[in-house]
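Novice: Take a look at the letters that make up each chain.
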Amino acid sequence: MMANILITGCSSGFGYLSALDLARRGERVFATMRNLVRGQALTKIAISERLALTTHTLDVTDPMSVRRCVAEVLELGGKIDVLVNNAGYAQRGPIETLSDEEIHRQFDTNVTGIMRMVRTVVPHMRARNAGTIINLSSLSGLTGVPYEGAYSASKHAVEAISQALRFELAATSIRVLLIEPGAFETGFVNNAPVAADFNAAHPLWDEYQRFWSAAAQLTGGSRADPQAVVDAIRRAVIDPETPFRQLVGADVEFAVSLQEAAGLADLGPTIREILHLPATGKH
Amino acid sequence: MNTHSSTNDFPAGINQAPHPSGISHWPDINAVERASKRLATGPMPKLTEQHNAQVGRWFEQHCGISKRRAEEAKQRIPGGVQHNLAFNKPFPLDIVRANGAHLWDADGNRYIDFIQAGGPTILGSNYEPVLSKVITLLRECGPVTGLFHGYELKLASLIHDFMPSIELFRMLGSGTESVMAAIRAARVFTGHAQIVKIGGGYHGWSDQMVFGMRLPGTGLLDAAGIPEGALSNTSEVWPNDIDALRKVLQTNRERGGTAAVIVEPFGPESGVHPVHIDYNHQVRALCDEFDALLIFDEVVTGFRAGLGGAQGFFGLKPDLTIFGKCVAGGFPAAGGVGGRADVMSVFAAGIGGSGRRAMIGGTLSANPLSCAAGYWSLLEIERTQAPAVAGRAGDRLSAGLQVLIDKYQLPFVTYNLGAIVHLHTTGVLQLDVREPGAIKQVPHRKEGLEDFGAAFTAEGIITLAGSRLYTSLADTDDVVDDALSRFERVFRGVEGAIS
Chain A
-8 MMANILITGC
2 SSGFGYLSAL
12 DLARRGERVF
22 ATMRNLVRGQ
32 ALTKIAISER
42 LALTTHTLDV
52 TDPMSVRRCV
62 AEVLELGGKI
72 DVLVNNAGYA
82 QRGPIETLSD
92 EEIHRQFDTN
102 VTGIMRMVRT
112 VVPHMRARNA
122 GTIINLSSLS
132 GLTGVPYEGA
142 YSASKHAVEA
152 ISQALRFELA
162 ATSIRVLLIE
172 PGAFETGFVN
182 NAPVAADFNA
192 AHPLWDEYQR
202 FWSAAAQLTG
212 GSRADPQAVV
222 DAIRRAVIDP
232 ETPFRQLVGA
242 DVEFAVSLQE
252 AAGLADLGPT
262 IREILHLPAT
272 GKH
Chain B
1255 MNTHSSTNDF
1265 PAGINQAPHP
1275 SGISHWPDIN
1285 AVERASKRLA
1295 TGPMPKLTEQ
1305 HNAQVGRWFE
1315 QHCGISKRRA
1325 EEAKQRIPGG
1335 VQHNLAFNKP
1345 FPLDIVRANG
1355 AHLWDADGNR
1365 YIDFIQAGGP
1375 TILGSNYEPV
1385 LSKVITLLRE
1395 CGPVTGLFHG
1405 YELKLASLIH
1415 DFMPSIELFR
1425 MLGSGTESVM
1435 AAIRAARVFT
1445 GHAQIVKIGG
1455 GYHGWSDQMV
1465 FGMRLPGTGL
1475 LDAAGIPEGA
1485 LSNTSEVWPN
1495 DIDALRKVLQ
1505 TNRERGGTAA
1515 VIVEPFGPES
1525 GVHPVHIDYN
1535 HQVRALCDEF
1545 DALLIFDEVV
1555 TGFRAGLGGA
1565 QGFFGLKPDL
1575 TIFGKCVAGG
1585 FPAAGGVGGR
1595 ADVMSVFAAG
1605 IGGSGRRAMI
1615 GGTLSANPLS
1625 CAAGYWSLLE
1635 IERTQAPAVA
1645 GRAGDRLSAG
1655 LQVLIDKYQL
1665 PFVTYNLGAI
1675 VHLHTTGVLQ
1685 LDVREPGAIK
1695 QVPHRKEGLE
1705 DFGAAFTAEG
1715 IITLAGSRLY
1725 TSLADTDDVV
1735 DDALSRFERV
1745 FRGVEGAIS
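Order-wise, the sequence lines are chains A and B.
Residue 155 in my numbering sits at position 164 of the first sequence, and the numbers go up by one each step.
Count along the second sequence starting at 1, add 1254, and that's the number in my numbering.
Quick caveat, the hints were computed from the structure, so don't treat them as lab data.
Certain hints may be false.
Straight line, CA to CA, 20 Å or less: simulated SDA-like cross-link-like pairs of lysine to any residue [said to hold, decoys possible]:
1. LYS1694(B) with GLU232(A)
2. LYS1343(B) with GLU1713(B)
3. LYS1694(B) with THR233(A)
4. LYS1408(B) with HIS1273(B)
5. LYS1321(B) with ILE1349(B)
6. LYS1343(B) with GLY1318(B)
7. LYS1321(B) with ALA1307(B)
8. LYS1661(B) with GLU1742(B)
9. LYS1694(B) with ASP230(A)
Just chain A, with the same shape it has in the complex:
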């Protein structure tokens, strides 16, 4: 049977790709985004391929927008079977350079945004005792990634929220699932703002550049095709046996196996060595 699927953040990246993927396998997709103008490409494809896909305005940082959008989707579709909390971005820059405003915006979108969606959608799912909530976390949700400290903190929060929510919904038939992608070619990095106060005069500037080019080596080249994440989302939608966590990408698997091996010990020195960054001074 066709499922009604609401996906946040569909103007690009995993949201865009997943919306098409799920619609093409016959699901009813409500593709949402902050700025509807950026949904024209999706709408065009939907019309030409006769897909059950419509685009809707949704700003997860605006409670009114969330309420309006969910009401609209329920009116059109009668129910929401699947909520994919995909909207998010990465605030970059060393911790010491981030402004209150930058930190707040990061958490408002990536963390509070998901909680607003949950608060608005779960009561409907509870009423039907059915539904699936898929939260897009990240490699950064499993280990603290340098120069992405705020983003890592927000994704750690997504991990914690997902664990708590799963526990709280255990008595219902509502599933809560996590997906942890590594780095993929989706334009995500181009959409990642860098802290306004971080510039070439900062002592970490050079290492920052070297870190990202070295880290890119860990994705395993061909594995960085975002299709793997699209497949994971599809699996979470259609396969009741899907595990709570899906780690997607060679870099995530490696980072998680390193962290598991290290237990609670600091992985920093190992990561520095793997990325050929100079060893740290004394702590």
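Could you slot chain B onto chain A? The hints should help.
Specialist: Same frame as chain A, now just chain B:
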């Protein structure tokens, strides 16, 4: 697909061993990988119903005694069979005689022997010059005394002459035991616990090694009856993926370090996934970087690849080397571990008798029978240049199979690493378990392979698990050509074969 576009223009340092290796050329590994992938992802080749029926009739008409014995054996032996190497479809044959290149069953049928006891009998079966020395020894002191015998020293010295990396040698009862001993020694010597193997590799059946067996990426799949804890310090990496090995070594460092990387030097399962010619050198370098020992499992390549083993061919010194059945020329209770004196000394309570000792034992280990058989076999292998002769037979066999594969336009894959010939018909060992649905193909493709194994047998050819052909000194051109004409009769019976 022709996988014979290979190199005999070896890189510097390769194939320079003083004793001629059996390797005249190295296959084009990329071509083998492409052909293997095509075989495993395409429709499974199978025999026509008509041919399968013909095979069934052959066994009914020619193997009455074997069939009866197999039925009786089921009453007293689990499954009626105690050997993993051959397929037993439709039933195991009762082999009563072996000589040179041939085997005979209880019904009087003769077969060309490409199983060669799983590898050790590079001189051919039941080789008379060794047999007579062994009989003399047995008359003198019987098979075992539990005490030292001069042949132990003679054998260890001879192995050192052929493989200089074997400074000290400890004889044991089997390859499985030898792997257990080598891992224990590596752990005592390095103080590290982790062991890394290559996915698909076979290093015997001890608890810690039943991991990623036969098919890379299968992890604990075959580990029934083994507590997970016994395997918690074992990892597998994808064949030929040196980056993956580096990542596992980095990860293991967080777990206190890697004791050893163990490899079959030609690639897992005797080269089902053959290595790139520089792969072992890269593994050696990584082991040095991460303070891990390199263990070569030369149970099959030890003396089949040449008297210097695979290490002689590659011009590499592993820290430890595993020997199996080959070390006694196929006589019973044979295996051993050898290598660097400082590492091997942990079996003797460390250098100077202090330090912690790695416990090993076995009453029948290093018995006079095994040692004498090994000693005289090695001398005969040297005198006859058996690896080179058997390697040439392997070249002729694989090249001939390729001609037949092309003639009938089959997707089969053949290549040879000297006297180790691969013939893959259904692609079961080439399945990539990372691909969705691949694991579900295993039973079906294994059954298909068993049909091929039975068809080869009905044409008078015994193979190793339907997919490998070990050649020997006894495989003259006439034997190989006879085999090829028998293979052709099976290939003609494949669905869709064109000629």
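Novice: Could you check the structure against the hints above and give me the numbers of any it violates, in ascending order?
Specialist: none
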